[in-house]
Structure formats: structure tokens, C-alpha cells
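Novice: Chain residues, written in single-letter form:
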Amino acid sequence: MTKMLVLEARLYLRDWPTLLFTIGLPLGLLLVLGLSIPVMTQAGESGERMVDAQLPTMMTLLALLTLSCNIVPAVLTTYRERGVLRRMSTTPVHPARLLGVQLLINLVVGVVSATLLIVAAAVVFGAPLPGRPVVFVLVFLLGTAALLAIGLVIAALAPNGKTAPGIGAVVMFPLMFLGGMWVPRDIMPDAVRAVSDFSVAGPFAQALKDAWAGQSPELGHLAVVAAGLVIFGGLAVRLFRWE
Amino acid sequence: MKIIEVRNLRKQYPNHVAVEDVSFEVAEGEIFGILGPNGAGKTTTVECVAGLRVPDGGTVQVAGLDPRRDRAGLRRVLGMQLQTAELPEKITVSEAMDLYASFYPNPADWSELIERVGLSGKRDTMFKKLSGGQRQRLSVALALVGRPRVAVLDELTTGLDPQARRDTWELVEQVRASGVTIVLVTHFMEEAERLCDRLALIDVGKVAAIDTPSGLTAQVGDEQRVTFRPSAPVDDAVLLALPEVRDVTRSGDQVVVTGSGNLAPTVTLALARQQIVPGDLRIERATLDDAFLALTGRKLS
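Quick mapping for you: the protein sequence lines, in order, are chains A and B.
Numbered according to the UniProt record's numbering, the first sequence spans residues 1 to 243.
Numbered according to the UniProt record's numbering, the second sequence spans residues 1 to 301.
Watch out, some of these pointers could steer you wrong.
Claimed, not checked - Calculated pairs, EDC-like style, for lysine to aspartate or glutamate (alpha carbon to alpha carbon, straight line, at most 20 Å):
#, chain 1, residue 1, chain 2, residue 2
1, B, K128, A, D197
2, B, K128, A, D15
3, A, K3, B, E173
4, B, K128, A, E48
5, B, K129, A, D190
6, B, K90, A, E81
7, A, K162, B, E86
8, B, K90, A, E8
9, A, K162, B, D98
10, B, K128, B, D109
11, A, K3, B, D124
12, A, K3, B, D109
Said to hold, decoys possible - Here are some chain B residues pointing at chain A (derived, C-beta under 8 Å):
#, residue
13, R76
14, V77
15, M80
16, L82
17, E86
18, K90
19, F103
20, F188
Claimed, not checked - Calculated Cβ distances over 10 Å to all of chain B for the following chain A residues:
#, residue
21, M4
22, L11
23, L33
24, M40
25, M88
26, V124
27, P174
28, D190
29, G233
30, F240
Derived by calculation from the structure, the hints in this document are not laboratory data.
A virtual CB, placed ideally from N, CA and C, is assigned to each residue, including glycine.
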């Protein structure tokens with residue numbers, strides 16, 4: 001198990017350009033947007049600046065959505081297409097373990113990306129660290145698990161490694177929008193926010209931002225994210241094909 | 001002692017019956033071939049043996065294990081090289097061997113295995129940089145790394161150039177010499193003839209015959225053809241007088257003699273007595289292709 005984890009991590013790093021999208025892009029956007037757009041660093045009505053919680057939360061969401069909707073489906077469908085999973089099923093080790101290792105590695109990349117965003121926001125913009133750290137970590141893990149489950153469903157449905165990123169993009173961009181990437185949830189029209197409330201990405205981003213700002217996330221938001229994890233996790237288990 | 005026993009195997013897919021009724025036994029230490037045209041059900045049969053598919057009927061036993069009930073046990077005694085299974089592009093040969101060795105309780109020394117399959121110079125080469133033949137040899141090494149008692153090799157040499165194919169055949173013979181029983185799936189007659197101790201001819205999901213390669217060709221009959229260009233005119237009667245000769249025909253200056261038994265030596269000896277030298281001498285006897293045709297009414301390829 002350790003050997004597989006170390007090896008898969010090494011293979012992941014050999015494809016280092018993916019790290020540009022999962023770590024480099026969110027971090028770069030945080031710095032570029034925060035430093036170049038004046039409104040990002042101006043206090044709003046509540047006295048809170050965009051760079052304090054909104055922008056880093058959105059960049060965290062960007063990193064996690066890229067991992068789950070793009071990287072995970074691409075890797076797993078390629079493994080299936082090339083017969084890597086099937087070859088493993090001829091050995092005493094079930095290919096589910098390879099899948100578990102991939103999810104773990106992507107979770108770690110997500111954690112690294114989020115940590116860098118927190119540190120960069122604090123160091124460069126003087127943003128506060130997450131006000132409810134324990135809640136923040138729990139929300140982060142729950143939401144990341146739910147998004148990875150969506151990624152597994154994409155991997156289950158995509159016919160091959162070439163179509164997986166396309167299907168992933170079709171899922172990813174609406175989720176980014178509903179998560180509040182372009183229009184923050186506070187200023188979304190009511191109808192759009194109502195849809196956002198059930199989009200997994202929307203309540204996840206909101207709960208994460210609340211915990212960052214030192215508030216308690218709404219239970220309803222956490223329930224939607226948890227339900228997403230159960231539903232998409234269950235779908236992934238039922239739909240996933242090893243060959 | 002038999003190590004594999006398959007009885008009345010049946011496997012149906014939604015739209016067609018892949019395997020209708022297949023039975024065979026494989027003795028420990030032999031190279032057992034499964035020969036048949038594409039789509040005959042060869043791969044489905046061995047996938048059931050390897051526990052990758054669940055049969056709809058019949059029984060399978062490998063080293064006394066039922067693939068359905070004891071998957072884990074089966075995977076420790078049976079190694080399989082799949083027809084089309086690749087590895088991640090950027091994994092190196094030694095990384096793949098090391099990883100697969102870690103899957104087994106008592107693995108082989110993988111660096112020795114790499115040497116045996118002739119890949120010791122490619123240890124640090126990534127999978128995507130290996131040639132077709134090198135990939136197949138790595139595939140064989142991965143199938144052997146768990147020290148299996150049985151190795152199933154599915155279409156091992158398909159897509160390889162003639163030299164790589166010969167190298168791979170040699171490897172298979174070496175593996176058998178090390179005591180591993182081999183089940184070889186192929187649609188190449190030449191491969192089956194060269195490697196297999198016994199083989200099953202499979203057609204449309206059924207076993208047409210099981211025998212040694214020479215036993216199978218003998219079933220077609222013992223008929224042979226000897227063709228040559230005589231250095232001087234030869235009288236048909238001289239040849240027809242030989243008990244082994246059944247018929248003599250001519251096309252141009254070429255003589256075609258058909259018959260049986262010790263045909264070629266008898267004919268050349270008779271010619272020698274007339275001081276005639278047979279130029280362009282060729283001997284043709286029945287092949288597995290002919291056997292397959294005679295048994296099923298279909299050509300192998």
C-alpha cells in the first residue's frame with residue numbers, strides 16, 4: 001500500500017504541469033487579482049475586504065474543482081482505458097486500492113493548494129487566518145470528499161481519457177458559477193442563489209467562507225454537501241467500471 | 001497430474017454466446033495451447049479460468065481452487081498476461097516490477113526476472129518508450145513476479161515483428177523449463193505448432209479437438225505432396241510403381257507426387273537410381289490449418 005502510494009505520487013509529480021492548474025493557477029490568480037484590482041482590497045459595507053475570505057475561498061474552490069472534475073476523471077479513465085485497472089485485477093490486489101490511492105493523493109494536493117492560499121492571503125494581504133480552524137478543516141474535508149465523488153461519477157460515465165476532461169469542464173464551469181466564482185453568492189439574484197444552495201459547490205463555498213470569517217456554517221449548507229457526498233459516492237460505486 | 005480442469009464451461013454475453021461448451025484439462029508443466037480464429041471464445045475461456053469473468057455454466061478448477069470462491073488464492077497461483085493491458089506511460093520498468101512484486105506474499109526476485117526476459121538494459125526506461133516486444137516481455141515478467149504455478153499468456157505475439165516473436169517464443173520455452181505450466185492463447189498456427197505440447201482447437205465457443213500438434217494433423221490424414229523439377233525426363237510409371245505414391249501430376253516441367261508414409265525419401269531414392277536429381281525439392285504435409293479446416297469446415301485465419 002505504501003509502495004503504491006509513493007509510486008503513484010511520483011508518477012503524479014512526473015506529470016507536474018497538472019500542478020500548475022491545481023496549485024499555481026489559484027495562487028497566481030489570488031495574487032494577481034488581489035494586487036491589481038483595487039476593489040479587492042477595499043473594505044466593503046461590513047468592513048470586510050474581498051481578499052479576507054471571499055477571494056481565497058473561491059481560489060480554493062477553483063483548485064478543488066480542477067482536481068475533482070478534471071484531474072481525477074482524466075487519470076482514472078486513462079487507467080481504465082489502458083487496462084491498468086484490469087491488469088491489477090489479475091493480481092491479489094484489487095484495483096479499488098489504486099483508486100483510493102489516487103483520491104488520497106488528490107486530497108493532499110488540495111490541502112497543499114489551500115494551505116498556500118491561506119498563507120499567501122495572510123502574508124501578502126494581511127488577511128486573517130481561518131477564524132474557526134477546526135470547523136474549517138472539517139468543512140474542507142467534507143466538501144472535498146463530495147467534489148471528488150462527483151469526479152468519480154464523471155470518471156465512471158466518461159467513455160475514455162479523451163472525453164473525460166470535456167465532460168469534466170461541462171460540470172466544472174456551472175459549479176464554479178454556482179459556487180460564486182464570478183458573482184459572489186451575497187449579490188446573486190434570489191433565484192440563482194436558490195439553485196446555488198443545492199449545487200454542492202455553492203453551500204460548500206459558503207460554509208468554507210463562513211468558517212474562514214469565524215462564523216458557524218449553516219447546518220442546511222452542510223447537509224446539502226453531505227447529501228452530495230452520499231448521493232455521488234453511491235452513484236460512483238454503482239456506476240464505476242474497472243474495464 | 002492435472003493442474004487445470006475445465007468442464008462444460010459456458011459464458012453468455014447480452015447479445016451472443018461467447019463460450020458454449022468448452023472442456024479441457026491441463027497437466028502440470030505442459031504448454032497447453034488454445035487455438036482458434038478471432039471471436040472463437042478463446043479469451044473468454046481463459047478469463048473464466050483466471051477468475052476475471054464469472055461463467056454462466058460449468059466448472060473450473062485451478063490447482064484445486066474454484067476461481068469463483070477463492071479469488072485471492074487463485075491470484076496467488078495464477079499469473080496472467082492480458083491481451084491488451086498497458087501501464088501508466090511514465091512508470092519505469094523497475095518501478096512496475098517493484099510495485100507488482102509488492103502485491104504478492106512471496107514474490108520472485110524481480111531484478112533477476114527482468115534479466116531473464118532480456119530487459120536489464122531497460123530498467124529505468126519509461127513504459128511509453130518501450131517497443132511492442134519489450135512491452136510484451138515486461139508483461140510476461142509481471143505475470144511471473146508472483147511465482148505462479150500457472151501462467152496464462154493471451155495473444156502474446158500479436159502485433160510483434162518476426163524477430164520479436166521468435167524471441168518471445170524462446171522466453172516462453174524458458175519459463176516452462178523453470179516449471180511453470182503455461183496456457184497459451186493464440187490464433188497463429190505456427191506459434192501453436194512450435195510451442196505447444198497439446199492444444200485445443202476452439203471454434204464458435206466449442207472445442208473441435210484436443211490433441212498434440214502432430215496428433216491433430218494426423219487426423220486430417222497422412223497425405224503429403226512432394227514437388228520437384230527433375231534434372232532429366234522421368235517416367236510417371238517409375239514413380240507410380242512405388243507403394244507410397246498415389247498420384248503423379250505435372251505442371252510445366254514440375255512434377256507433383258502425392259502419397260503417404262515415407263514418401264519423400266522413397267521418391268528421391270527412386271530418382272537417384274535413375275540418376276535424376278530433383279531440383280527445387282519441396283515437401284508439403286498437412287498443417288494445423290488443414291486440421292482446423294477438416295474439423296470445422298472453416299479456415300483459421
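Novice: Each hint: holds or not?
Specialist: Going down the list of hints, with the structure as the test:
For the hint pairing K128/B with D197/A, the CA-to-CA distance comes to about 45 Å; that exceeds 20 Å, so the pair is violated. For the suggested pair K128/B and D15/A, the alpha carbons sit about 14 Å apart, so the restraint of at most 20 Å is met. Taking the CA atoms of K3/A and E173/B, the gap is about 32 Å. The hint is violated against a cut of 20 Å. Proximity of K128/B to E48/A is assessed by CA-CA distance (about 52 Å); at most 20 Å being required, the pair is judged violated.
Taking the CA atoms of K129/B and D190/A, the gap is about 56 Å. The hint is violated against a cut of 20 Å. Only pairs whose Cα atoms come within 20 Å are accepted, and K90/B paired with E81/A is accepted, the gap being roughly 16 Å. Taking the CA atoms of K162/A and E86/B, the gap is about 17 Å. The hint holds against a cut of 20 Å. Distance restraint check for K90/B and E8/A: the Cα-Cα separation of roughly 10 Å lies within the 20 Å cut-off, and the hinted pair is therefore satisfied.
For the given pair, K162/A sits about 29 Å from D98/B by alpha-carbon distance, which is inconsistent with the 20 Å threshold. For the given pair, K128/B sits about 24 Å from D109/B by alpha-carbon distance, which is inconsistent with the 20 Å threshold. With a C-alpha separation of about 17 Å, the suggested pair K3/A and D124/B falls inside the 20 Å cut-off, and the hint holds. The straight-line distance between the Cα atoms of K3/A and D109/B is roughly 17 Å, inside the 20 Å bound, and the hint therefore holds.
The closest approach between the C-beta of R76/B and any C-beta of chain A is roughly 6 Å, which is under the 8 Å cut-off, so the hint is satisfied. Given the 8 Å rule on beta carbons, the hint for V77/B is violated: about 10 Å separates it from the nearest Cβ of chain A. With a least beta-carbon distance of about 4 Å to chain A, the hint placing M80/B at the interface is held under the 8 Å criterion. Evaluation of the L82/B hint against chain A yields a held restraint, the C-beta minimum of about 6 Å falling below 8 Å.
Given the 8 Å rule on beta carbons, the hint for E86/B holds: about 4 Å separates it from the nearest Cβ of chain A. With a cut of 8 Å, the hint placing K90/B at the interface with chain A holds, because the nearest CB-to-CB distance is about 5 Å. With 8 Å as the threshold, the beta carbon of F103/B comes within range of chain A, its nearest partner Cβ sitting at about 4 Å, so the hint holds. Taking 8 Å as the C-beta contact cut-off toward chain A, the hint placing F188/B at the interface is violated, the least distance being around 22 Å.
Not every C-beta of chain B lies more than 10 Å from that of M4/A, the closest at about 6 Å, which undercuts listing it as non-interface. Distance check for L11/A against chain B: the nearest CB is about 6 Å away, which does not clear 10 Å, and the non-interface claim fails. No beta-carbon of chain B is positioned within 10 Å of the beta-carbon of L33/A; the least distance is around 34 Å. The Cβ of M40/A lies farther than 10 Å from every Cβ of chain B, with a closest approach of about 39 Å, so its non-interface assignment holds.
Separation of M88/A from chain B is inadequate, the least Cβ-Cβ distance of about 8 Å not exceeding the 10 Å criterion. Every C-beta of chain B lies more than 10 Å from that of V124/A, the closest at about 35 Å, which supports listing it as non-interface. Every beta carbon of chain B lies more than 10 Å from that of P174/A, the smallest distance being close to 31 Å; the non-interface claim holds. Even its closest Cβ contact with chain B, about 48 Å, leaves D190/A beyond 10 Å, as expected for a residue assigned away from the interface.
Under the 10 Å C-beta cut-off, the non-interface status given to G233/A relative to chain B holds; the minimum distance is some 25 Å. Non-interface call for F240/A relative to chain B: holds, since the shortest CB-CB distance, roughly 17 Å, exceeds 10 Å.
Comparing the model with each earlier hint shows violations of hints 1, 3, 4, 5, 9, 10, 14, 20, 21, 22, 25; every other hint is respected.
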